[in-house]
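Visitor: Here are the chains, one letter per residue:
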Amino acid sequence: MSGANDGRTLKFHILKYDPQQGGDKPRMVTYEVKEAPGMTIFIALNEIRETQDRALQFDFVCRAGICGSCGMVINGKPDLACRTLTAKFKKPEITLLPLPAFDLIGDLSVNTGSYTRAMSERVRTWIHDEEGKQVDLNELEERMDPDLADEIYELDRCIECGCCISACATKRMRDGFLGAMGFMKVARFAVDSRDKRSDSDWYEVIGNDDGVFGCMSLMGCEDNCPKDLPHQTKIAYLRRKMVGAAR
Amino acid sequence: MKTVFADSLIIGGGLAGLRTAIATRTRGLDTIVLSLIPAKRSHSAAAQGGMQGSLAATIKGEGDNENVHFADTVKGSDWGCDQQVARMFANTAPKAVRELATWGVPWTRVRRGPRQVVINAERVTITEKDDNHGLISARDFGGTRKWRTCYTADGTGHTMLYAVDNKAIEFGIAVHERKEAIALIHDGSTCYGAVVRDLITGELIAYVARATTIATGGYGRLYAISTNSVISEGMGTAIALETGVASLGNMEAVQFHPTAIVPVGILTTEGCRGDGGLLKDKDGYRFMPDYEPGKKELASRDVVSRRMTEHMRKGKGVASPYGDHLWLDITLLGKEHIEKNLREVKEICEYFLGIDPVKEYIPVRPTQHYSMGGIRTKPTGESRQLSGLFAAGEVSCWDMHGFNRLGGNSVAETIVAGMIVGEYVADYCERSSVDIPTSVVRAFVMREEAAITEIIGRSGEDPYELKREMQQIMMEKVGIFRMGSDLQEAVDGLRGLLLRSRNITVRNKARHSNPELVEAIRVPKMIKLALTVACGALARTESRGAHAREDYPERNDRDWLNRTLSWWKDEKDDLPVLEYENLDVMSMEMPPGTRGYGKANMIAHPDTEKRVKQIEEIKESMPNADRFEVQRAIMPYDLPEKYQGKNERVGVGFE
Amino acid sequence: MKDLVESVRSPVPAWLDVTQSVTGLVLAVFMWIHLFLVSSILLGKDAMYYVTGFFELRFLTDWQHGYPVLVSIIAIGVFAIFILHAGIALRKFPVSWRQHRIIRDQMRTMKHSDTNLWYYQAITGFVMFFLGSVHIYVMASHPDKIGPYASSDRFVSEHFWPLYLVLLVAVELHATIGMYRLAVKWITFGGKDPRRTRKRLKVLKNALTVFFLTVGAATFVTYMKIGLEHRDQAGERYSPATRHSSVQSQQVGDE
Ligand SMILES: Cc1cc2nc3c(=O)[nH]c(=O)nc-3n(C[C@H](O)[C@H](O)[C@H](O)COP(=O)(O)OP(=O)(O)OC[C@H]3O[C@@H](n4cnc5c(N)ncnc54)[C@H](O)[C@@H]3O)c2cc1C
Ligand code: HEM
Ligand code: HEM
Ligand code: SF4
Ligand code: F3S
Ligand code: FES
Chain A
1 MSGANDGRTL KFHILKYDPQ QGGDKPRMVT YEVKEAPGMT IFIALNEIRE TQDRALQFDF
61 VCRAGICGSC GMVINGKPDL ACRTLTAKFK KPEITLLPLP AFDLIGDLSV NTGSYTRAMS
121 ERVRTWIHDE EGKQVDLNEL EERMDPDLAD EIYELDRCIE CGCCISACAT KRMRDGFLGA
181 MGFMKVARFA VDSRDKRSDS DWYEVIGNDD GVFGCMSLMG CEDNCPKDLP HQTKIAYLRR
241 KMVGAAR
Chain B
248 MKTVFADSLI IGGGLAGLRT AIATRTRGLD TIVLSLIPAK RSHSAAAQGG MQGSLAATIK
308 GEGDNENVHF ADTVKGSDWG CDQQVARMFA NTAPKAVREL ATWGVPWTRV RRGPRQVVIN
368 AERVTITEKD DNHGLISARD FGGTRKWRTC YTADGTGHTM LYAVDNKAIE FGIAVHERKE
428 AIALIHDGST CYGAVVRDLI TGELIAYVAR ATTIATGGYG RLYAISTNSV ISEGMGTAIA
488 LETGVASLGN MEAVQFHPTA IVPVGILTTE GCRGDGGLLK DKDGYRFMPD YEPGKKELAS
548 RDVVSRRMTE HMRKGKGVAS PYGDHLWLDI TLLGKEHIEK NLREVKEICE YFLGIDPVKE
608 YIPVRPTQHY SMGGIRTKPT GESRQLSGLF AAGEVSCWDM HGFNRLGGNS VAETIVAGMI
668 VGEYVADYCE RSSVDIPTSV VRAFVMREEA AITEIIGRSG EDPYELKREM QQIMMEKVGI
728 FRMGSDLQEA VDGLRGLLLR SRNITVRNKA RHSNPELVEA IRVPKMIKLA LTVACGALAR
788 TESRGAHARE DYPERNDRDW LNRTLSWWKD EKDDLPVLEY ENLDVMSMEM PPGTRGYGKA
848 NMIAHPDTEK RVKQIEEIKE SMPNADRFEV QRAIMPYDLP EKYQGKNERV GVGFE
Chain C
903 MKDLVESVRS PVPAWLDVTQ SVTGLVLAVF MWIHLFLVSS ILLGKDAMYY VTGFFELRFL
963 TDWQHGYPVL VSIIAIGVFA IFILHAGIAL RKFPVSWRQH RIIRDQMRTM KHSDTNLWYY
1023 QAITGFVMFF LGSVHIYVMA SHPDKIGPYA SSDRFVSEHF WPLYLVLLVA VELHATIGMY
1083 RLAVKWITFG GKDPRRTRKR LKVLKNALTV FFLTVGAATF VTYMKIGLEH RDQAGERYSP
1143 ATRHSSVQSQ QVGDE
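Residue numbers (the numbering used here), protein chains in the order written: chain A, 1 to 247; chain B, 248 to 902; chain C, 903 to 1157.
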């Protein structure tokens, strides 16, 4: 276990701001925490809240790096706070900011939920099968190529943490831009043989400057995705496909 | 007073809640889902290993069917489950898996031809049939006779939850996020909805509905260390308890998972052992075969957890600053397998332990994992006392798991319960009238409003402090092995905390988004739940499934073949009221027997022999009947019509 | 939502994106060739002289200035592509102050190299828009005034050197970043680990930048040196030594 640095005193510089509190202004507040072996930012923030600042807001659910709740900007990089060990930082200074590009609830807590729902509705992130198709659940399921199943899973691993959205300057500059999370969803459903949407259907979703043609290939998405999704290859693929579907 | 109306109100946006919502929405009902967090972040996403459903497509699942699944489930429950519910479940689970396949879950599929697997520490080649290529595959899991656990690598819960939530979005189901139900609205016989606190604005809202379904998951966080997500605090169970009317079932049945990492308690899936991983002690010695020569590492969870604890008590644990632990060795599975099928496990090891499981052992120990107990319901999912109140998923005790749940049966339960209970909820909504007494609604909202004002206003106890003490008591005294004296201390200690919690307050006085206030509202409820667990455990003087009394090591069917029910009848009470509901041996399809672990240590029920004989006779009396007819003759059960069909399996058709 | 999306369906965004990339590619390839041609001065004045001549199709004629109008035509063609490219790319510029602040803020907090690269690309593009236009205008309007002395004189005596210096840095950065971006935009990186492929590509991109900047700087220095030496005779045209001896003509200054 990473006990190499225990005994350090960590300085957390945290953005504090409560938009619901009239007159409150965003400001950085510094908290000191004694580092313990195996300490994660999750552990440290809870300790700070319990012992120093009861009002401090942040979100954790699984605390295991799988639910995508705890994205924040950690020393400049959007990442999952729950699985970030404090020992990772050579300097005992850790700056925490809420993910930009999302509505701020307070301090480090942002509203990713309203965002992802809107994204899902825009991309229509569900299987579009043939119209009127009735599946009899008693019968053998439709077969699927095992490799295809694996390939879909690779893309289905996105946890909607929003790191790619916050890391994308394009998204931040242009509100209407779909963003990498959306592209990964499109890629996921486009590869799925159960989804019958054609390239032309997809063109309606992402064949515009708020879609794949608006992506400026900044790669902040790929470089900050905690689940290592293949953004570059998939966005390039979608771009080519959409050029093919342009009419 | 802000009021929101719906036909079907679902509290909880995990697998169970969403699937129930889809069921009622499909029936044309106006459906609203409440969740503390965005639905896709629900704890269900954490399930890694898989979902049981007897599809029998892999060669190692050949011969599997509802009967085998049913039998495994009953055995796993240590005969504590409701066998009719287990039957309903076993018949619906394959349909659930198949439905999810059409909704987009990328189930890992069978690949024709030979492949290497690790079974009992040896590399074995199994050959999948050509005919089965492309069907949904399955892996081995503890306590099952066949490979039955369908999976997507080790992200099963995640892919399931995403598919189901996406379906809910397709249906336009409203999910009201960052909303917490803090009380149920009822008049002593019917439930009318819930008082809900908006976690952002702090506003109290009355959600009024014809039917209210609780699907809030487990209460793992009563324990300091748990594999559960930090929001698995049992609030749904608690608000049902606080009605004083609805009962909870088997709250003492708490499962400990053998392999959570030390110290943080994050789970490494049972799939690690299912795929061939081994448990080793401080000498690198594989000890499970000594205890369980048959199933070894793949014995039922409760059994493995106890064996591990026993072994550590013998001084064979690995000492660490966080207490003793053992090793989970998956190095023998090889890099390729781990990187493909156990990737989340690999990530967890890398991020939280800084080790590479391809080369190093993983430090593990048994950790709180699952809540078999919960809101007691009928097989329809409806509370036995409050009409219009339903429960589905981990929060419920309808009671499919009895005293121990099998791995892979839980996410399966969430979907199956959603399908079945959802239909019954819809039936109820269609039947029920709409006249809802506004005065009752208003009274409940005002009561909660006043309680919050009081919490903010007074000076008194610190919620974090109380919570910590409660969790500590539960860890130390209501754990894997239980003793009468410890449990008594636990009850006393918790009772003290309960009294103190009546004076709980907050330092941060904000009424809107205020994490401390959230704690202050929850902690007294959690302490009540903890008391139902501790009291139930103290009273149950036998060992059954996950409930292991060192002072009463035998399973006592004669006196304890029953279900614990607990109530909180009066707000001013400081202990729950316990009652027992007998399990009727004479109507069981599978009369109590041994689970086949260790040496059989049990006191038989007087009816058991009689029932065994009776069943023999029934079977003999119908020599030409197929297995379905025989089953129906022995133990008939109900199921919504749409789920009554037989399940097709490759090679055997609908047989 | 669906209606909204459908109502804006149009193939134009796709064409624009392709056009932006194709024009970028053409320009980048042109610029690399251009640099090699211009840097022929490194091999000596004669080399540059012949290169110039080649483009004027001087070898087809028996008088010495060939058809400088060809240079004008090339310049106008390039200018058209240049403007087309810039015009399309301008859509992506941070147009408002707010957007500009956001990207600066993003760069400051995240320190993400590909994002920074894009910003450099936009800035250099912006710079080129003006300086490049001037340069091409000069080339198109005085196509005959290209040669070892004439060009060097432009650097020094006509005070073009600051423009070239800035333009040089801008174009070399912009072109290599642009080529890297083209690859990222359109190619599905193969291999087991596409991320590594991209990392390697970036190393290659950096190497190219350094290479072109070095060649460009050496060229720049050479023109400056010639220009300085030739300052007193500014306006005089170069005639190659070989040509002097083989051809009888006395028409000095006719390059
Ligand atoms: C690490 C781990 C791995 C697991 N792996 C497996 C496995 O491989 N196979 C298997 O079968 N089972 C597994 N399980 C168990 C299984 O995941 C859970 O039992 C199951 O997902 C529970 O689902 P649920 O829908 O009942 O509740 P949850 O998914 O817990 O959802 C609860 C929902 O209720 C909401 N909620 C809670 N309280 C309130 C309130 N007061 N007001 C409003 N909303 C509220 C929450 O926001 C959430 O949306 C695992 C469990 C853990 C901990
Ligand atoms: C008027 C001057 C120019 C401006 C304003 C300009 C601007 C830009 C901008 C902003 C981009 C990024 C577009 C995006 O990310 O989508 C870009 C891309 C590019 N530019 Fe330029 N540029 C100019 C001239 C040039 C020149 C002279 C070259 C050749 C050397 C060039 C080569 C490229 C290339 C190869 C790309 C990548 C194409 C793409 O992203 O599709 N540009 N340019
Ligand atoms: C067809 C169009 C072009 C022609 C004919 C042309 C020709 C030349 C010539 C002859 C020179 C030598 C200096 C001189 O004579 O002034 C030169 C230098 C230069 N040109 Fe161009 N050019 C063209 C387009 C461009 C464009 C589009 C750019 C960039 C946007 C550019 C950037 C430069 C730079 C940076 C130098 C200086 C090189 C150095 O110092 O190494 N040119 N060009
Ligand atoms: S693509 Fe990656 S970074 Fe983006 S939301 Fe999904 S998991 Fe997070
Ligand atoms: S960071 Fe943004 S611009 Fe495109 S490549 Fe990723 S979405
Ligand atoms: S809390 Fe779930 S990913 Fe961090």
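Just so you know, these hints were derived from the structure itself, not from any lab. Heads up, a few of these hints could be off.
[Stated by the list, open to error] Here chain B is said to cover these stretches of chain A; the calculated rule only asks that three of the stretch's residues, wherever they fall, bring their Cβ under 8 Å from a Cβ of chain B:
# : segment
1 : 25 to 37
2 : 101 to 112
3 : 123 to 129
4 : 162 to 173
5 : 208 to 217
We put the beta carbon where it would ideally sit given N, CA and C, even for glycine.
Visitor: Can you confirm whether chain B covers the segment 25 to 37 of chain A, using C-beta to C-beta distances below 8 Å and requiring at least three such residues?
Guide: With 1 residues closer than 8 Å to chain B, the segment 25 to 37 of chain A misses the three-residue bar; violated.
Visitor: Residue count check for the segment 123 to 129 of chain A against chain B: does it reach three with CB-CB under 8 Å?
Guide: holds (count 5)
Visitor: Would you check chain B against the segment 208 to 217 of chain A, counting CB to CB pairs closer than 8 Å, and say if three or more residues qualify?
Guide: With 0 residues close enough to chain B, the hint is violated.
Visitor: Given as covered by chain B, does the segment 162 to 173 of chain A meet the bar of three residues or more with CB within less than 8 Å?
Guide: It is violated, with 0 qualifying residues against the three required.
Visitor: At a Cβ distance under 8 Å, does chain B reach at least three residues of the segment 101 to 112 of chain A?
Guide: Since three or more residues must qualify, the claim that chain B covers the segment 101 to 112 of chain A holds, with 5 doing so at under 8 Å.
When held up to the earlier numbered hints, the structure conflicts with 1, 4, 5 and fits the remainder.
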